[in-house]
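Keeping their order, the protein sequence lines are chains D and Z.
Here the working numbering is used: the first residue of the first sequence is 1, the next is one more, and so on.
Here the working numbering is used: the first residue of the second sequence is 494, the next is one more, and so on.
Treat the hints with caution; some may be incorrect.
Unchecked claim - Computed list of lysine-lysine pairs in DSSO-like fashion (alpha-carbon distance at most 30 angstroms, straight line):
id, chain 1, residue 1, chain 2, residue 2
1, Z, K583, D, K445
2, D, K327, D, K351
3, Z, K758, D, K163
4, Z, K576, D, K423
5, Z, K565, Z, K758
6, D, K358, D, K381
7, Z, K641, D, K491
8, Z, K641, D, K256
9, Z, K758, D, K423
10, D, K439, Z, K565
11, Z, K641, D, K442
12, D, K491, D, K325
Bear in mind the hints are in silico, worked out from the structure with no lab data behind them.
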Amino acid sequence: MANKKNKKEAKLDFQSGWTYAPAPESADHVQLKSKYDLFINGEFTEPASGKYFETINPAKETKIADIAEANSEDIDRAVKAARDAYNTTWSKISAKERGKYIYRIARIMQERARELAVIESMNGGKAIRESRDVDVPLAAAHFFYYAGWADKLDYAFPGRIAKPLGVAGQIIPWNFPLLMAAWKIAPALAAGNTVVLKPAETTPLTALKLAEIIQDADLPPGVVNIVTGAGATGAAIVNHPGIDKVAFTGSTEVGKIIQRALAGTNKKYTLELGGKAANIIFADATIDQAVEGIINGIFFNQGHVCCAGSRLFVQEPVADIVIRKLKDRLETLIIGDPLDKNTDIGAINSKEQLNKIKKMVKIGVDEGGTCYQSSCAVPSKGFWFRPTLFTDVAQSSRIVQEEIFGPVLSIQTFRTVEEVIEKANNTPYGLSGGVWTDKGSKIFKVSSKLKAGVVWANTYNKFDPTSPFGGYKESGMGREGGLHGLHPYVKLN
Amino acid sequence: MNTSETKAKVEVRENGKMENGSYIKDGKRLDVLKTYKLYIDGKFPRTESGRYFKLDDGNGKTIASICRASRKDFRDAVVSSRKAQPDWAKRSAYNRGQILYRIAETLEGRKVQFMSNLVLAGATEEKATTEVNAAIDCCVYYAGWADKYQQIFSSVNPAEGSYFNFSYPEATGVVSAFAPEQFGLLGLISVMLPVIVGGNTCIILAAQNHSTSAIDFAEVLHASDVPGGVINILTGFRSELVAHFSSHMDVNAVIYTGNDVAEIKTIQTNSALNVKRAVFWNHSDWMDHTSHHPYLIMDLQEIKTTWHPVGI
């Protein structure tokens, strides 16, 4: 009886006692054009085909702007502009001046941080709390960090002289549109390369705002070119003979296609691909802190995160209490208007992604998993998916093996350290992992045995410009961030 | 002692005569010929395929029958390397350094054997001597790196907020590799050591013309406390093994040292199957000291970043 009583007391109920008043971030200060052209050679120019596609607000399913679709002719123009800029200006100006340009970008981004955050949430569906506190500040910090490297490359690679590669073709995903642009452009420019970057089809707006910032920062024309379009545009970049290096962030499936496409060429490449991270919670962990970390690990950015902690492993003695606390916490998550400052979970990025998540959840149920979803209401328009937990899943379940890229957590239990390491590593992926325990020696044992490029111990989903990020195995190759993130953009003599 | 002295001591005897129960041919007693086998999992098995190719001395005289390794031999070797990898990576850097140094010691004592292998394969005595000496020194060089590259390529990252985080290199895992065709001993060692010193295990295909040196070197490894499976050595045809070395789903990286454009493309294409790291080391001169450096070790390493909050 006492146990039952405790359970009742522990139940969190934020809904019935009072309601949150809406706290929307205003969008009236945002300057958006109704049509965006391609940013090539320092100017916005019309696409050769004359074709445009719509970009929408996934929370409302309303159109925001028309976006130019670049074809191979446009890519050719962009690569030529980047090559000219490399030959005539960017490789000629002093490293110190190069750094100063990059610092300028960082500072203007900070000045326009609020506008960028609002646009990021409007175009991508992510909660304003995240775009305001994570995406935009980190993106600016990334430029600020790499700006300083430009004139210090002589100290970066002992015994070697670092030289730029030339023109980098960069393709980025829709989950962190501005931040991924920063991860790609900043180290490339610092090392002396010029850039042709393609933002994702569904989220081009902040990259185009970044193009305006680059214009306002007076960067020499052609140093950064931003071209919009879908898969065919990306393929045109990858296959263009004038590209010296390809940097891609996206799914493992597309990463493999790119790796194959580059066979037989001399192009260098780095890939930052999918993940299926294990988040491991031991019985001796601080449970409430761990539950909060697990929630953040999987529901951050609607689960549209390559390093999301999508496989939870709970040690048996605490499994019941952890699962109960997770369910309680799930009920308190606020899902809704991405521009509302109270929102925890925003809109799913696209209809296509929503369908993929629904399909995977159905597979999870069909394979015998027990599905638990938050009972929260979701708006009638837009793309939404309730935060979801799965229990009664096996290592072989598809929802345990495959990346869902949505707010879906699968929960398994374990007894020993050896068992959980075996299970955690039993995946082709190896991007990230989490360990929750109060015992330091256990942290070092587990974190050193996880085959993953980033391990968060007693925290999760933390990022920083100084800290290398990237995967083992099929999660990709090469690192972004920190000193190690310079390496993919230089050749060493 | 060098080979010319050895040769000078051979007593020239009359051809075609019986002497003390031996039939004298080419003025020598009848040599005991060695059966060259593969080196897999710390053992010397024959190829499961039963196939062989002849290695001759350049004048049409057969030196040995060499195992022509098959896909199955390679797959067995991968199983062995995968099994050996965690323990090898877990050993202390000091221990791995000592084992690499031990290879140098063992090789030093068997210089003559390797010099005569290289001479048989066409090198002058002077070149053979220089190469064997360089090979021994190469072992000492990488032995020294065992506990040093980590510090050079690690970082403590000044992340914002109440976090402590650091990044350090870890072995990529199981590596397949092709020894360069030139420098039968030095080339083999120069490719193998940067791989294993960083905690990887490997399957390496010997240069076809230097198969005897490679398998004799396996005996050196065997006698130097290198655990079974850490290095597997196969002999055979590169052309028929390239596809398997690069497509195996449990191999994390492949190293190619040749310059055949079609083979390079095959390796790059197949690597996409499991996002394999395709590494190309195209040094024409492995004698050059600039061909040995820690960036080769780093080609087979992954950087891991570990975060922890700072607080009470």
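Results for each hint:
no.	hint	verdict
1	Z:K583 x D:K445	holds, 11 angstroms
2	D:K327 x D:K351	holds, 27 angstroms
3	Z:K758 x D:K163	holds, 26 angstroms
4	Z:K576 x D:K423	holds, 17 angstroms
5	Z:K565 x Z:K758	holds, 23 angstroms
6	D:K358 x D:K381	holds, 17 angstroms
7	Z:K641 x D:K491	holds, 23 angstroms
8	Z:K641 x D:K256	violated, 34 angstroms
9	Z:K758 x D:K423	violated, 35 angstroms
10	D:K439 x Z:K565	violated, 45 angstroms
11	Z:K641 x D:K442	holds, 26 angstroms
12	D:K491 x D:K325	violated, 51 angstroms
Of the hints listed earlier, those the structure fails to meet are numbers 8, 9, 10 and 12, in rising order.
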